[in-house]
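Quick mapping for you: the protein sequence lines, in order, are chains V, P and U.
In terms of the working numbering, the first sequence opens at residue 708 and continues consecutively.
In terms of the working numbering, the second sequence opens at residue 1451 and continues consecutively.
In terms of the working numbering, the third sequence opens at residue 125 and continues consecutively.
Quick caveat, the hints were computed from the structure, so don't treat them as lab data.
Think of the CB as a built atom: it goes at the ideal place given N, C-alpha and C, for glycine as much as any other residue.
Some hints could be false.
FRET-style restraints, in silico, Cβ to Cβ [as the list claims (entries may be wrong)]:
no., chain 1, residue 1, chain 2, residue 2, range
1, U, ARG224, P, LEU1688, 45 to 51 Å
2, V, LEU938, P, ARG1480, 43 to 49 Å
3, U, GLY136, P, THR1768, 32 to 38 Å
4, V, TYR878, P, ILE1530, 56 to 62 Å
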Amino acid sequence: MKVTSLFAGLFLASAAVAETPVLTVYTYDSFVSDWGPGPAVESAFEAKCGCDLQMIGAGDGAALLSRLRLEGSRTEADIVLGLDTNLTAAAAETDLFSPISLSANYAVPGGWSDTYFAPFDWGYFAFVHNTDLTAPTNFRALAASDLKIVIQDPRSSTPGLGLLLWIKTAYGDEAADIWADLSDNIVTVTAGWSEAYGMFLEGEADLVLSYTTSPAYHLIAEEDSSKTFALFDEGHYMQIEVAGKLATTDQNALADQFLKFMVSDDFQSIIPTTNWMFPAVTPKNGLPDGFPQALSAEQSLILSPEQAAAQRSAALDEWQSALSQ
Amino acid sequence: MLRSVVGGAALIALLIFSLGTALVVGLQGRGLGVLNSADWSAIKFTLWQASLSASLSIAMAIPVARALARQSFPGRQALITLLGAPFILPVIVGVLGLLAVFGRAGWISAALDWAGFAKLSVYGAPGVILAHVFFNLPLVTRLLLQAWMAIPAERFRVAESLSAAPWAYFRLIEGPMLRSTVPGAFLLVFLLCLTSFVVALAVGGGPRGTTIELAIYQAFRLDFDLGKAASLALVQFLICGTVSLLAFLVPLPQTNGLGLDRVLQRLDGWRHRLWDGFWISIAAAFLVLPLGAVLFRGLRHLLELPPQILAASVTSLTIAIISTALCLAMALSLSLAFARRGALARSLAEATGILGLASSPLVVGTGLFVLIFPYAQPMAFALPITASVNAMMALPFALRVLMPAVQETYGDYLHLRMSLGMGRWIWAKRILGPRLRRPIGFSAGLAAALSMGDLGVIALFADPDLQTLPLMLYRLMGAYRMDQAAATAVVLVVQSLFLFWMFDRGGRRHAAFG
Amino acid sequence: MLHLDRLAVQQGGFSLRADFKIAAGDRVAVIGPSGGGKSSLLNAIAGFLAPRVGQVLWNGQPMPDHPGERPLSILFQDHNLFPHLTVLDNVAIGLRPDMRLSVSQKAQALAALDQVGLSDKATAYPRDLSGGQQGRAGLARVLLRQRPLLLLDEPFAALGPALKDEMLEITRQIVQQAGVTTLMVTHDPQDAMSFAEYAILVADGHADAPAPIGPLFHEPPVALQAYLGRRAP
C-alpha cells in the first residue's frame, strides 16, 4: 500500500474493503471528469466484474506515458487508457506493456492490428471557434491573421502532439516556418486539453485546438449551435486513442476482462456523448443525431506509429525553438 | 558540546541536502551538450526576466518607500503591514489574482475592450515579470523603508538647515543610503526570480516564457529525460551559486525589527504630496486589487468547494507543521552552535543559510528522485521529501531572524550568567527561552506559511490521488473551474495566514523581554 | 535680537510655550529636566516645528518658514557629519549643499578648517576623526556659514570631561569673536556656567525668560531646585 493512501486512510477512514479486487486504470483528466465517460464506465463495469474500478486522472494523454516511465515497474496501474498511436511505438519500447489478444469489429479508418494496444475511440483534430467568426481555411491563413489561439503542449497532451505532427505531415520541411509565423497567434500553451478548452469557452481565445466532434457536444448536450470547427484544406490529422495492459499487473484476468468490456457495446455506446469522439466499434444504435460525418480519406492525415515516433523528436525541437524566440 | 554536535549535524544535513543532491545531479547529467536551443533560450530567458524583474521592483520601490517614509496618512500602518503579505502569500493565489485583474478575461482587458482597445495579453514574459514585480515590489519597499528609517533624523535636519536643493539633498542623504541598500536588494530579488517555478508554470505561456526551473520540471515530468533534467539542474545550480557568492560579498539587507510606525520628516510641499500620493495609490492598488478579486470571487463561491478540500487541507497542514518543526530545529541548532564562535564560524553558518536560498527546490527534488529511484518508488516519499525541502527553503529566513537574537542574548547576558553562576537549565528556561520566544514564533509562522503555499517539489513528486491545497488549486485552474479555484484560494489563504498568525502570536504572548 | 512672540508649539501630546527675547550676541544655556521641552524649543526656533500660535522673530522680522532660509546654524550631539563625504566637503556644504565650490569658496572652507585646527584632515573621512575632531569639523561649518544665530543641542555630551571643556572653550571663543547669538541645550550645570551668560529653564511645557546664570543658580527657583537636586554648582 502506498504511503500516501495509508496517510489519507488515517484521516478519512477509507472504506476500501480488502477482499474486493481493485483494478487501477490510469487515464487522462477529462476522461474521469464529472461530465466525461468515467462515471458511466465505472458503474457499467463494476456491475459485472465484482471489483473496484479505480480510474485515476494523471494529466493529459501524453503525460500518462511520462508518468509510467517515472514509476517504471513499480507502477500501481493495471491498465493505461488514453495513449494514442503517436505514442504507441514509444510506449511499446518501454517494455512495460503486455501483449494482448482482442478482436472486435473495429470501425477505425484503416483498420486495426497491434500487439500491445487496442483502440477505444478516434477523431480528427480541428480548431473550434464560434460560428460568428470567419475562420481561416489553412495554417498559412491562420498564421497570417491576428486571431488568437490556445494550443496544448505536445509533451504532455495528445492533441498538442497531434498538432505538431499535423503541421509536420502537411508541411514537411516548412513546418518550422509555419510555427514561427503562428507563434504570435498563440495566447498560451496549456498542459492539457481541458485547460485550453476552458480558456476558449471563457473567451480568452478565438480558436482552440480540439476535435471536429467537439461542436457536437454544444449542439447535443447544450442545444447551443454557436460552435463549429474550421475545415482546413491541408486535411485533418487523425487521432486513434488506445488502451494497453501493464506487464506488471497483478490483476491479469480482470485487466483482460476490462479490455474486452472496452470494445463491447456497453462501453462504446457511452463514448460519443461523453468523450465526444467516434467510437472504435460502432454501437448498435449508431451515432446520435447531430454527430458530424467522418471526413473523406483525402481529408484525413495520419502517420503510422513508427513514422510518428521517428518524427516526434525533431518536430518537437522545431516547435520548441520556434516558440521560444 | 551537545550544542556543537547538534549544530554540526544540522549543518551536515543541510550540506547533503543542497550540495549533495547537486552533486548527484551533476554526476547524472550528460553535460551541456544535451541542451538544445530551446533550453538555452530558457536559460537566457531566466537571466533576462530575473534582471528585469529585480530592476523594475527596485525602480518602483524607491518612490513608494520614499512616499511611505515621509507621509503620514490614515491607513499607513495597515498598508505597511499589507506589504508583508505577498511574501507569505501562496504564489499560485497571487497568480490567480493577477489573472483576474490583468488577464484577457480580467477587469483591465474588459475596460480596454469596452473602450475599443485591444485586450491585454498577459501570458509569456509580461505575465512572468508582472507577477515577479507583484511579489517583490512589497518586499523591496519594506527593505528600503527600513533603510530610510535607519537614517538618523539629524541628517535630514542638517540637510534641511543647509537649504539643500532636491538633487543635493539626494546626494547627501538618499543617494548613499540607496547605494548601500540597492545592490543587496537587487541580488535578493534576482535570486528569488531565478528559482521561480509556479509563475512560469502558470503564466509563462509555453516555450517563450520557460524558466530553467520549469524546464527541469518538464524534462522530468513530460519527457522523463533524467539526464537532461540533471544537466539543466546543474546549470541552475551554477548560476545560483555564482549569484550567492556575490550576495555573500554584498551583504543582503537585514530585516530587523526597526519600528516602521513613525514618519521621518514632513515635506509639506503640495508637489511632494501629490507625487507621494500617486505612488502610494499605485502600490496599494497593485497589491489590493488582485487579492481582493480572488477573495471576493472565492467567498461568493465558497459553497461550491469540491469535497477533496478536506483531504488536501489535512495534507497541506501536516506537511506545513512537519516542515516548520524541521526548519526550527535546524535554525535553532545552527544559531546556538555558531552564535558564540568566531566571526568565521558565523559567516560559515550565514553562508549555509544563503546556500538554502540559492538551492532550487527542483534541483534538490531531482537529486532525491535520482537517489531513490533505483531502490524504491520515489512518489511514495512525496510527503517527507516535500516537508524537508520546504524546511530548507524557509531556513535562510529563519536564520536571519534567529541568529541575531541568539547572538544578542549571549552578548548581553553571558557575563551576567557567569557571574551569577546560573546553570544551563535555568539559563535556557529563564533567559534564552523568553528572549527567543518572539523570533521563534515569527520564524515558525514564516516557515509554516511558506510551506503551505509551496508548489514546487510536490508538483514533481505528486501522484494523482495526492493533493495539497496549492496543487488542487492549480489543477482546478487547469480544468478552468475558476470559481472553485478562487474558493480554494480563500481556504488556502485563510489557513496560511492562520498558521502564521498563530505561531507569531504564540511568540508574542508572554514574551517577557522586548 | 531673537524674539519668541507668545510662541506655542505642539508635538504629539506635548506642548511648549515660550514668550521672551534674547539680545544679539548673548550666550544662553537651555536647561531643564528630560522631556521638559528643551529640544522642542530648539526645533521651533530652527523651523523644524511649526508654531501653533505666535511666531519667531529675528530683528523684528518673522523668520522664513524653511529651516534653510533662517539666519541660523545648528549642531546636534551626533550625526552632524555625513559619513560618505570628506571633512572638507562636510564643511563646504555649509556654503554649497551641492558641493560645487568655486576656488574662493574652497579657500574659505579650508580657512575655516584651519581655524579649528583641522587643516591636515581636509581629505579624511569622518570615521578617521576622533570625537573632538568631529566636533571641530562641525564648528568649522558653523564658522563658514556666518549666520548670526547658533543652536547647540547637547553638542559635546558624548565627549570626556577634559575634551568637552576644551570644545566648549573653542566654541565660546568663536561665537564671542563673531558676535553670534547662541543657545545651548545642556544637562550639565558646570557646562552652562562656563559657557553661558544667561540660562533658560524649560520645564513642564514652559520655557522661562532668560535670566543671568550666576544669580539663577545661586538662588534657584523651585523647578530648578528640583531639577538640580544637590548638584547645584
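Outcome of range test on Cβ distance (LEU938(V), ARG1480(P); 43 to 49 Å): With Cβ atoms ~45 Å apart, the hint holds.
Indicate whether the distance between the beta carbons of TYR878(V) and ILE1530(P) respects the range 56 to 62 Å. Holds, at about 57 Å.
Do ARG224(U) and LEU1688(P) keep their Cβ atoms within the hinted range of 45 to 51 Å? holds (47 Å)
Hint says 32 to 38 Å; check whether the CB-CB distance for GLY136(U) and THR1768(P) agrees. Violated: the Cβ-Cβ distance is about 49 Å, outside 32 to 38 Å.
Consistency note: the structure conflicts with earlier hint 3 alone.
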